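Protein sequence lines, in the order shown, are assigned to chains A and B. Counting in our numbering, the first sequence runs from 1 upward without gaps. Counting in our numbering, the second sequence runs from 1 upward without gaps.
No lab work stands behind these hints: they were computed from the structure. Owing to the predicted nature of the structure, the values given are computational and were not obtained by experimental measurement. Check the hints yourself; a few may be wrong.
Stated by the list, open to error - In silico contact screen, one side only, chain B against chain A (beta carbon under 8 Å); selected entries: (1) A14; (2) T78; (3) R112; (4) R156; (5) L161; (6) S163; (7) V167; (8) L186.
Unchecked claim - Cβ pair distances, simulated, as ranges: (9) G175/A x E11/B: 36 to 44 Å; (10) S174/B x I127/A: 14 to 22 Å; (11) Q42/B x G175/A: 46 to 54 Å; (12) L34/B x R191/A: 55 to 63 Å; (13) D150/A x A64/B: 31 to 39 Å; (14) R143/A x A14/B: 50 to 58 Å; (15) D152/B x I127/A: 33 to 41 Å.
Yeah, the Cβ is synthetic: ideal placement off N, Cα and C, and Gly gets one too.
Residues per chain are reported as follows:
Number of protein chains: 2
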Amino acid sequence: MARPLEFDREEAIASAIKVFARHGFEAASTSDLLKGIGIGRQSLYGAFGDKRGLFLEALRQYNAGSLVQMHEALTKGTPAASIEVALLVGLGSSDDVESGCLGVGSIVEFSRSDPEINALNDVASTILVKAFAARVRAGMEARELDEGLDPDAAGRMLVMLRSGLKVAARGGASGSELRDAARLALRSLARSR
Amino acid sequence: MARPLEFDREEAIASAIKVFARHGFEAASTSDLLKGIGIGRQSLYGAFGDKRGLFLEALRQYNAGSLVQMHEALTKGTPAASIEVALLVGLGSSDDVESGCLGVGSIVEFSRSDPEINALNDVASTILVKAFAARVRAGMEARELDEGLDPDAAGRMLVMLRSGLKVAARGGASGSELRDAARLALRSLARSR
DNA sequence: AATATTCTTGACTAATTGATCCATAATGGT
DNA sequence: ACCATTATGGATCAATTAGTCAAGAATATT
Chain A
1 MARPLEFDRE EAIASAIKVF ARHGFEAAST SDLLKGIGIG RQSLYGAFGD KRGLFLEALR
61 QYNAGSLVQM HEALTKGTPA ASIEVALLVG LGSSDDVESG CLGVGSIVEF SRSDPEINAL
121 NDVASTILVK AFAARVRAGM EARELDEGLD PDAAGRMLVM LRSGLKVAAR GGASGSELRD
181 AARLALRSLA RSR
Chain B
1 MARPLEFDRE EAIASAIKVF ARHGFEAAST SDLLKGIGIG RQSLYGAFGD KRGLFLEALR
61 QYNAGSLVQM HEALTKGTPA ASIEVALLVG LGSSDDVESG CLGVGSIVEF SRSDPEINAL
121 NDVASTILVK AFAARVRAGM EARELDEGLD PDAAGRMLVM LRSGLKVAAR GGASGSELRD
181 AARLALRSLA RSR
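Between the sequences and the hints, there should be enough to build the whole structure, so can you do that?
So this is what it looks like as structure tokens:
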């Protein structure tokens, strides 16, 4: 009964994710976003309310996609191998130049100052920790990982490690440096050697 | 032969570090900086050229101070113990609310887009990697750490791990979570257990 | 085909941005 | 005590910011 949207909402958010990931929230101007998404000004404000609304949607969609990607990586191969893959997937290393992680970016930019962003990142973080912890537990049961581990603590450590890898990737670390670092750190979970 | 500065330059930079660490470069307005430092507009422009000049000075001073702090931590106690302390010192955890790391912040905000910032962070990173690597080597020689390690690779991993801890701290992780994660990850360097 | 409803386009606004100008104030060397 | 030199403070600048307004365009239902 009314004129339909001329753009796909999810695609628009996906484009916004790129812009926000590259520049951060504050430094991404509305003009950057309009150009990056390819829609008009009023379309953005009509569809997302304001810049912050678009950012929240972008962060939501980014976190969801990231968790899917992580879950896929964690369900292939042995627990230990899948954890290594999960640590390294989608880091956006130097070949994938200009990329960036909206999750880490929003944490660094906002710290704990914005309750809605806190909420989005907290649930994503919790889910990711649990996903890692489940795999750690599986690895312990399979006698592949040290049986004295605390799976939840290991999950938290792995999430932090992944953040560090993302920062390093954004800072220009090579794929092999990232891989080596992940492998080395993962020895902390191994059975006595 | 001329009117002297009414403010201490280093103190001014120290104040600027706080402002930039809290908000990032782009989101820190010149007015924020003037208020945070406690000087007038023209004084800032006279002393530092422009906002970016002040940021570069701030990053330089921050990195220098951070390396000093890290070096101090690494020279106390056994190699393994000192590495743990170095990983955890000055993370700005949740009690030290509002803090933030200018190094990680600038990497996340600028990625590799600004050559001068790249240069500052690259030298700081290199020095820090070497400092960690030297301690790893010492730990190996003291039969405290696994003798099959590659000290430089371990150094790089430790720097990445520290970035991850900083992100987690800024995201609200508790001191005990950070400590547990660091301790767990450090098992990767231990002798066979 | 008419119409109600929503979308799109582009001009527009008020506020804030980083930065500059200029007059005044404060110093040290002579 | 003068003066060259530099710092300070306030007014001001042009540009950019996020967000709004109004008029026209495109649809689905009737």
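Now for the hints, and whether the structure bears them out:
1. For A14/B, the suggested interface contact is broken, since its CB lies about 20 Å from the closest CB of chain A, more than 8 Å.
2. At a threshold of 8 Å, the smallest CB-CB gap from T78/B to chain A is about 18 Å, leaving the interface hint violated.
3. Hint status for R112/B relative to chain A: holds, with the closest Cβ pair at about 5 Å, below 8 Å.
4. Satisfaction of the interface hint for R156/B is found here, the shortest Cβ-Cβ separation to chain A being roughly 6 Å, below the 8 Å cut-off.
5. Hint on L161/B holds. Least Cβ distance to chain A is approximately 5 Å, under the 8 Å limit.
6. Restraint check, S163/B versus chain A: the minimum CB separation of about 4 Å is within 8 Å; hint holds.
7. Annotation: interface hint on V167/B holds; nearest CB of chain A at approximately 4 Å, less than 8 Å.
8. Residue-level restraint check for L186/B holds (minimum Cβ-Cβ distance to chain A is 7 Å; threshold 8 Å).
9. Between G175/A and E11/B the beta carbons are some 43 Å apart, a value that agrees with the proposed interval 36 to 44 Å.
10. At about 19 Å, the CB distance of S174/B to I127/A agrees with the hint of 14 to 22 Å.
11. At roughly 48 Å, the beta carbons of Q42/B and G175/A sit within the given window of 46 to 54 Å.
12. At about 58 Å, the CB distance of L34/B to R191/A agrees with the hint of 55 to 63 Å.
13. For D150/A and A64/B, the Cβ-Cβ distance of about 38 Å falls inside the hinted range of 31 to 39 Å, so the restraint holds.
14. Restraint check, R143/A to A14/B: a C-beta distance of roughly 53 Å satisfies the suggested window 50 to 58 Å.
15. The hint said 33 to 41 Å for the Cβ distance between D152/B and I127/A, and at roughly 35 Å that hint holds.
Hint check: violations occur at hints 1 and 2; the rest are consistent with the structure.
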